[in-house]
Amino acid sequence: MAFDQFLPEYFAECEQHLASIRRVLLDLDERSPARAPDAARMQELFRALHTLKGLSGMVGLVSAERLAHALEDALRGWTASRGPFDPEWIHALFTGTGLLEACIAAKRESSDPPPLDGFLASLQALYARSEDESYGDAREAAATAAPPDRFIRYRFEFRPSTDLAARGIGVESVRARLMELGDLRLAVPRVDQGGAIAFEFVVDVPESSTLDEAWRGEGMSWSRDEEIAAPAWSPAESDAKTAPAPAEAPYLAIGNVLRVDVARVDELMRMIGELVVTRARLAEALRRVPGQKGAAWESLTDSVALIERQLRVLREGVMRIRLVQVGELFERMRFAVRELARETGKRVRFEVEGQETEIDKMVIERMLEPLLHLVRNAVSHGIETPEERLARGKPADGRLALSAAASGDRITIRVSDDGSGIDRGRIAARAVELGLLAPGGELDSAALLDVLCSPGFSTREEADLASGRGVGMGVVRSTVRELSGELSLNSEPGRGTTFVVELPLTLMIVDALLVELAGQVMAVPQPSLREVFQLDGTDTTPVGTHEVVAYRGGVLPLLRLRRIFGLGGQPPRAGAVLVVGSAAQPVGLVVDRLLGLREIVVHPLTDPLVLLPGIGGATELGDGRISLVLDAAALVQVARQAADDEATGAPRTTVSGSGVRA
Amino acid sequence: MTEIARDADAFVLFTLAESTYALPTDVIQQLDMVGSVTPVPNAAPHLAGIVSVRGQVLPAIDLRARFGFPGADPTVRSRLLVVRVGGRTVGFIVDSAREFARIPREAVHAPPEALTGSASRFLRGVAQLGDRIVLVLDAARLLSESDDSIPAGSDAAGA
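Chain order of the listed sequences is B and F. Each residue of the first sequence is one higher than the last, beginning at 1 in this note's numbering. Each residue of the second sequence is one higher than the last, beginning at 1 in this note's numbering.
Just so you know, these hints were derived from the structure itself, not from any lab. Backbone N, C-alpha and C fix where the C-beta goes; we use that ideal spot for every residue, glycine too. Treat the hints with caution; some may be incorrect.
[Stated by the list, open to error] Residues on chain B that point at chain F, a partial pick, calculated with CB under 10 Å:
#	residue
1	Ile-169
2	Gly-170
3	Val-352
4	Gly-485
5	Leu-489
6	Asn-490
7	Pro-493
8	Ile-564
9	Gly-566
10	His-603
11	Leu-605
12	Leu-612
13	Pro-613
14	Ile-626
15	Leu-628
[As the list claims (entries may be wrong)] Which stretches of chain F does chain B cover? Using the computed rule of at least three CB atoms under 8 Å from a CB of chain B, they are:
#	region
16	25-39
17	53-67
Whole structure, please, built from the sequences with the hints as guidance.
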């Protein structure tokens with residue numbers, strides 16, 4: 001499909017617009033229904049829906065287009081009627097936004113969109129009702145208001161050049177120009193067949209606007225695309241005058257924000273990793289140079305030391321590209337809290353702190369479900385009903401606070417409520433029942449968490465609607481651990497519970513093949529693997545002290561990792577071969593068994609005690625145990641070295657620094 | 001705080017092969033049960049392996065092996081002392097650790113000449129605590145000396 005290439009851009013844009021819809025809805029929800037919503041907020045809502053409709057149409061996502069259209073229509077209906085903006089309306093918008101999100105998520109995951117008919121019908125009913133309720137004069141006012149502008153869709157192309165840049169005309173100034181002209185729908189860079197860069201923009205321009213022909217001399221060209229229906233929103237004048245919109249900073253300053261595919265950043269990280277290894281080899285080569293004296297020598301070693309420091313700075317810089325603010329994640333929680341409070345009849349005051357704290361994009365994505373679980377738990381099990389709270393001398397509104405703070409290279413996220421706290425006695429009783437705790441045993445915070453996270457543990461309440469749909473506490477903890485973080489808990493009876501999640505700021509994530517070697521699980525990053533095949537134990541041929549196996553019309557030298565690592569024991573007759581190294585000189589690493597592919601988080605090992613050739617780092621597989629991450633390239637190097645030394649009778653040397661992966 | 005305690009430093013006491021040792025509390029980050037230790041091939045003999053402590057992966061040194069004592073299987077009383085010195089964080093596996101003590105400065109004497117075990121080069125001094133002899137360790141020396149046995153050429157700390 002022609003528009004598939006826009007999908008990543010589409011999803012990113014959608015995320016942005018959904019975020020702004022959520023923000024406006026929460027804002028509307030918090031105001032008193034008696035007050036008219038402020039015009040700027042409504043305008044924002046309207047625009048976001050309208051844009052989502054347009055974007056969804058362009059990528060052919062009919063469900064989202066239809067839904068956004070219906071929501072937009074309903075909103076227009078309400079505007080015309082000037083009826084009260086009551087909770088039912090807000091609820092409908094909340095539900096609709098949730099569905100819209102689900103439609104987009106379904107597209108992303110190539111699954112079926114959620115059913116919409118029920119919701120669309122109820123929206124229709126609501127719409128009809130507000131039509132009935134609307135007052136005659138309001139209708140009249142709407143009818144006599146200036147006719148809404150029609151929009152015309154234009155497709156613009158901009159070809160930057162050095163001449164234009166010298167005149168101050170670049171893609172950013174063109175973009176700003178077009179945003180002023182109308183609604184910017186799409187902006188994509190492309191490279192044409194000649195290798196020249198061009199930018200394509202799709203803009204909905206009000207019919208009354210005229211395009212400046214002088215732009216044609218400034219690298220721009222355009223064509224009329226299609227006429228589209230006009231959004232009928234026109235803010236009520238009185239609103240605009242009495243309640244001027246606060247001069248809010250735009251949510252995303254488009255001018256200086258770059259949207260980058262994470263894969264490109266990962267590629268950069270990989271290159272830096274290679275550079276680190278190369279530098280280590282250089283240092284090692286220098287160490288072997290005889291003489292090692294004089295000004296030239298010193299300048300050489302100084303430069304190597306400098307490169308090391310610069311590489312570290314470079315690595316940190318690239319890692320920072322992956323950081324995003326945690327605020328958006330928190331807003332999603334606010335959304336969930338609101339819905340859940342409605343379902344459970346609780347009253348919850350939701351507070352956030354430290355939204356500007358930055359954390360790795362991938363950590364945020366992985367933490368969404370676990371945090372949702374903690375937040376849902378807090379609302380459904382922690383915070384009491386308003387009646388219970390009043391009876392206990394607490395304010396009727398429960399408090400649920402989410403906070404984030406960074407310290408050094410870690411960030412801490414806290415989810416705390418002022419509810420009833422965890423009933424240790426009850427949990428202990430259940431734990432004894434399940435054989436997790438000796439009768440009469442006590443539960444401190446750590447043990448309490450262990451029990452809550454143990455597989456199969458659930459109390460009666462755990463099965464209710466709120467928690468039944470999430471992930472369990474066990475999954476929360478293992479996700480946090482896989483991200484190299486730690487979960488802890490502090491609960492006081494009658495006063496509330498706080499869950500603390502500590503996470504690293506940035507992560508290095510790779511796909512890795514897990515293998516077994518002498519009973520140990522080890523991980524080999526997939527990018528270093530050329531091929532993998534099984535060895536049945538009879539097809540190898542000894543050559544001197546080594547073994548080879550027939551491979552692609554030639555022979556493949558084999559290295560037994562058990563031998564390289566000095567691991568004794570009887571290797572299994574069969575094994576598996578990981579083909580690594582260059583295409584010209586492949587080498588087969590023999591392991592006992594293949595366990596499967598998995599995405600892992602690599603912890604660099606930096607202590608001199610564990611800087612060892614062939615060990616690239618460590619990873620936690622979620623059960624609290626650490627596995628080594630192997631550095632295939634360095635292993636090959638080690639093996640070659642060993643072979644050379646064997647041949648020349650030289651003492652065994654090691655490849656230095658190759659244990660480090662950026 | 002009593003008068004005597006004013007010139008006293010705080011220590012964590014731990015045992016290793018029936019002797020009592022002390023490390024100053026200010027280098028100790030935490031005391032943990034010894035969880036699962038993943039062995040690292042080709043590492044120094046006293047490196048028990050790597051462990052995960054609050055999301056960080058740390059090398060764990062078998063202090064028995066470091067001091068040249070015979071090895072012992074971990075028991076329920078075995079502890080991991082997480083020590084931070086000179087920018088490095090390392091775990092020490094010891095037989096047990098469950099006491100804190102304040103030792104007056106003047107009670108710490110230079111190690112006697114006669115003490116020549118392999119642990120002696122890590123000693124800061126010896127103190128009498130009640131009827132016990134406590135061997136006070138120098139944390140910095142413990143760590144810097146622990147570099148002795150790593151392979152030459154591991155100077156490349158990379159990034």
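Ascending list of hint numbers which this structure does not respect = 1, 2, 3, 5, 6, 7
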